[in-house]
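This is what each chain is made of:
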Amino acid sequence: MSPPNSPVNSSKPPDRRQFLTDGARWLSVAALGAAGGALAVQHSASAEMRWQIDPNQCIACTNCATQCVLDESAVKAVQCFDLCGYCEICTGYFDPQYQKLDTAAENQLCPTGAVVRIFVEEKAGQKFFEYTIDELQCIGCGKCVKGCALMNGSLYLQVFHDRCVNCNECAIAVACPTQAFVRVSADRPYRMKRLAKQLIEQKAGKSSEARSLLEQVDPS
Amino acid sequence: MNSTLRWATLGVVAAVLTGSAAAELIPTPSFSNHAVPTTRVPVADDVIWPLVDVAILALALGLATYLALVKRSRRGLVALAVASVLWFGFWRQGCVCPIGATQNVALAACDSSYVLPVSVLAFFLLPLVVTLFFGRTFCAAVCPLGAVQELAAVRPLQVPRWLDHALGLIPYLYLGVAVMFAATGTGFIVCRYDPFVAFFRLGGNTPMIVFGGCLLLLGIFVGRPYCRYLCPYGAILRVLAKFSKWRVHITPSECINCRLCEHVCPYGAIEPTTVEQPAAERAQGRRRLQVMLALAPVLILTFGGLGTLLATPLSQWHATVRLAEQVRAEELGVNAPPSDAAEAFRTSGQPASELYQSALGLRDRFFWLGGALGAWTGLVVSAKLIHLSVRRRRAGFQADRAGCVSCGRCYWYCPVEQVRLGWIAQPADAVAAQVNAETPKEMSA
Ligand code: SF4
Ligand code: SF4
Ligand code: SF4
Chain A
2 MSPPNSPVNS SKPPDRRQFL TDGARWLSVA ALGAAGGALA VQHSASAEMR WQIDPNQCIA
62 CTNCATQCVL DESAVKAVQC FDLCGYCEIC TGYFDPQYQK LDTAAENQLC PTGAVVRIFV
122 EEKAGQKFFE YTIDELQCIG CGKCVKGCAL MNGSLYLQVF HDRCVNCNEC AIAVACPTQA
182 FVRVSADRPY RMKRLAKQLI EQKAGKSSEA RSLLEQVDPS
Chain B
266 MNSTLRWATL GVVAAVLTGS AAAELIPTPS FSNHAVPTTR VPVADDVIWP LVDVAILALA
326 LGLATYLALV KRSRRGLVAL AVASVLWFGF WRQGCVCPIG ATQNVALAAC DSSYVLPVSV
386 LAFFLLPLVV TLFFGRTFCA AVCPLGAVQE LAAVRPLQVP RWLDHALGLI PYLYLGVAVM
446 FAATGTGFIV CRYDPFVAFF RLGGNTPMIV FGGCLLLLGI FVGRPYCRYL CPYGAILRVL
506 AKFSKWRVHI TPSECINCRL CEHVCPYGAI EPTTVEQPAA ERAQGRRRLQ VMLALAPVLI
566 LTFGGLGTLL ATPLSQWHAT VRLAEQVRAE ELGVNAPPSD AAEAFRTSGQ PASELYQSAL
626 GLRDRFFWLG GALGAWTGLV VSAKLIHLSV RRRRAGFQAD RAGCVSCGRC YWYCPVEQVR
686 LGWIAQPADA VAAQVNAETP KEMSA
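Residue numbers (our numbering), protein chains in the order written: chain A, 2 to 221; chain B, 266 to 710.
The shape of chain A in the complex, shown without the other chains:
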């Protein structure tokens, strides 16, 4: 390419100066090439990185609901049904100050009513309920997670990758008191609690859903 060039305007630099400039340019190109090549060979992966919460570290401090750059946090609660006790008195569902064991808002822990409680079966005089998170309602505050931690701890928080815009530095990670945020490969961008993962692994032989869940979970 030949940009318009004028002998007058380019002020006729002495040859020595031109030579130095050229030298510096090629040196820089070589340095960038070498550094880039070394980094590419040693550390890089074709996959992007994503932010994820290690549920084993998370203490459900509520920062996840408030610190995300999105108006509605990318973090939401997840239920691992295989770890859930289906308790009648769910500590993740009911406010400790509940008046009655029913679905009235004042009895619920969740501020948005995102935990859905459905009666499943009565066995030997014991009632069992299934608790499912309504993704659209969940704001990721982790109140249910904290409650559930008193019992089985089947509820946990995850960054949902259909929502997260993948900030280069996650704003919640900066505010997280326990450094629970980790970078994971975009191929397998989820994490599970140790126990939950074991249970799902046991189930994987029989269930294709369990297998596809494991395929999404970071191996480490």
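Simulated from the structure, these hints should not be mistaken for laboratory data.
These numbers were taken from a predicted model, which means no experiment stands behind them.
Even for Gly, the Cβ is constructed at its ideal location relative to N, Cα and C.
Incorrect hints may have been included.
To be verified - Sample of chain B residues lacking proximity to chain A, with all beta carbon distances greater than 12 Å (derived):
| hint | residue |
| --- | --- |
| 1 | A344 |
| 2 | A544 |
| 3 | R551 |
| 4 | Y621 |
To be verified - Covered stretches of chain A (chain B as the covering partner; in silico rule of three or more C-beta atoms under 8 Å from a C-beta of chain B):
| hint | stretch |
| --- | --- |
| 5 | 33-47 |
| 6 | 170-184 |
| 7 | 209-219 |
Said to hold, decoys possible - Not the full set, but computed from the structure, chain B residues with beta-carbon under 10 Å of chain A:
| hint | residue |
| --- | --- |
| 8 | P294 |
| 9 | N298 |
| 10 | W314 |
| 11 | Q358 |
| 12 | G365 |
| 13 | N369 |
| 14 | A373 |
| 15 | A374 |
| 16 | D376 |
| 17 | S377 |
| 18 | L386 |
| 19 | A387 |
| 20 | A463 |
| 21 | A606 |
Starting from the structure of chain A, add chain B with the ligands where the hints point.
This is chain B with the ligands only, laid out in the frame that chain A set:
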């Protein structure tokens, strides 16, 4: 009764009732006609985007270079700037950008456990290589941060030279701090304090939205305040642009010294024709240069020494150090409102001594890093002083390679260029029309 206690009691009762005292877990029941569902998580479906982004970045760089250097079309550059703001800014929401990628690269270079995506590496390298050959055409219309400020600069005033030089040191220092924090895994401060990303996302934390808004308002009068006085990537680009093979040339043929370009450049990047100095002044200049050269090592060492004093405050940016301080303070019972972090650390069962050990290790590292940062500061300052003392000879007005962001205003306004384009018959028409009263006598040769 304390609510946690109440639940805990309940939990124990429940555990005893269901007879699972060993694992303290309530077993998942098996139902007669209800299958226990499997957890489902949404797929990340944008794995292809990064590659598209790199391709678009390369394309945009090519286009910006062509428009700025070959086509010399200011209009084209403005259109490209709008497109970049829309695509990289609003559509791709500003992450990852080459500015931030600097930190990913620094982290990858120092932490072998961090995996650097190839696309991020490409984002970092592409604009640098292009700049080495064509000058800062990336800044002209590709960088979304630069582009949005370019569009904002409608009533630019000239910043006094001395202030421009002084503030112009900040990007280099910011770069030093950012690289240091990224390399130690402390954090990506350039992303944390990115003024425009909240604007591109139409949401985010309030202080940064306010800061970004203020910068844009300021940018109406002071051309590209972020680019000139903050951008750490711009600092790298400035240095590399000095060695560029090609660059923006203002006039297509002979400079008539009308000073129109100097007036119109919002970024103070145009340097005037030099006049021959009397011998006495030249000798004085040479002496000043000698003093500055001798001063450089002194500055570097002094600042380096001072930098080591920053070890403690710098290390406090690191989460591990902060946690260790908190745990220690709570242990000693001094001024310690209990924190979640310390509480979580205690329940984790990790011995505090280990934490203290790693915090002390970090502080040691920050001692040397603080020194390095200080030395870097000294180097930057003395390089500036030396640069200011070196005299260059220029026939005709020229854009300073480092400061020029290839925005294309200067040749757009150059009367010689306007004659070439056939807009006016002779240069004097434009000069008379635009600056009649302003042109100083000694320049109207
Ligand atoms: S900020 Fe950290 S500890 Fe708090 S809820 Fe989120 S992941 Fe859990
Ligand atoms: S990376 Fe950004 S969008 Fe995703 S969870 Fe963190 S702050 Fe929210
Ligand atoms: S100086 Fe920085 S912010 Fe400005 S255009 Fe260049 S890279 Fe972008």
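For each hint, the structure was consulted:
no., hint, verdict
1, A344, "20 Å, holds"
2, A544, "20 Å, holds"
3, R551, "17 Å, holds"
4, Y621, "17 Å, holds"
5, 33-47, "holds (count 10)"
6, 170-184, "holds (count 7)"
7, 209-219, "holds (count 4)"
8, P294, "6 Å, holds"
9, N298, "8 Å, holds"
10, W314, "8 Å, holds"
11, Q358, "5 Å, holds"
12, G365, "4 Å, holds"
13, N369, "7 Å, holds"
14, A373, "5 Å, holds"
15, A374, "7 Å, holds"
16, D376, "9 Å, holds"
17, S377, "7 Å, holds"
18, L386, "6 Å, holds"
19, A387, "9 Å, holds"
20, A463, "7 Å, holds"
21, A606, "4 Å, holds"
Hint compliance for this structure: every hint is met.
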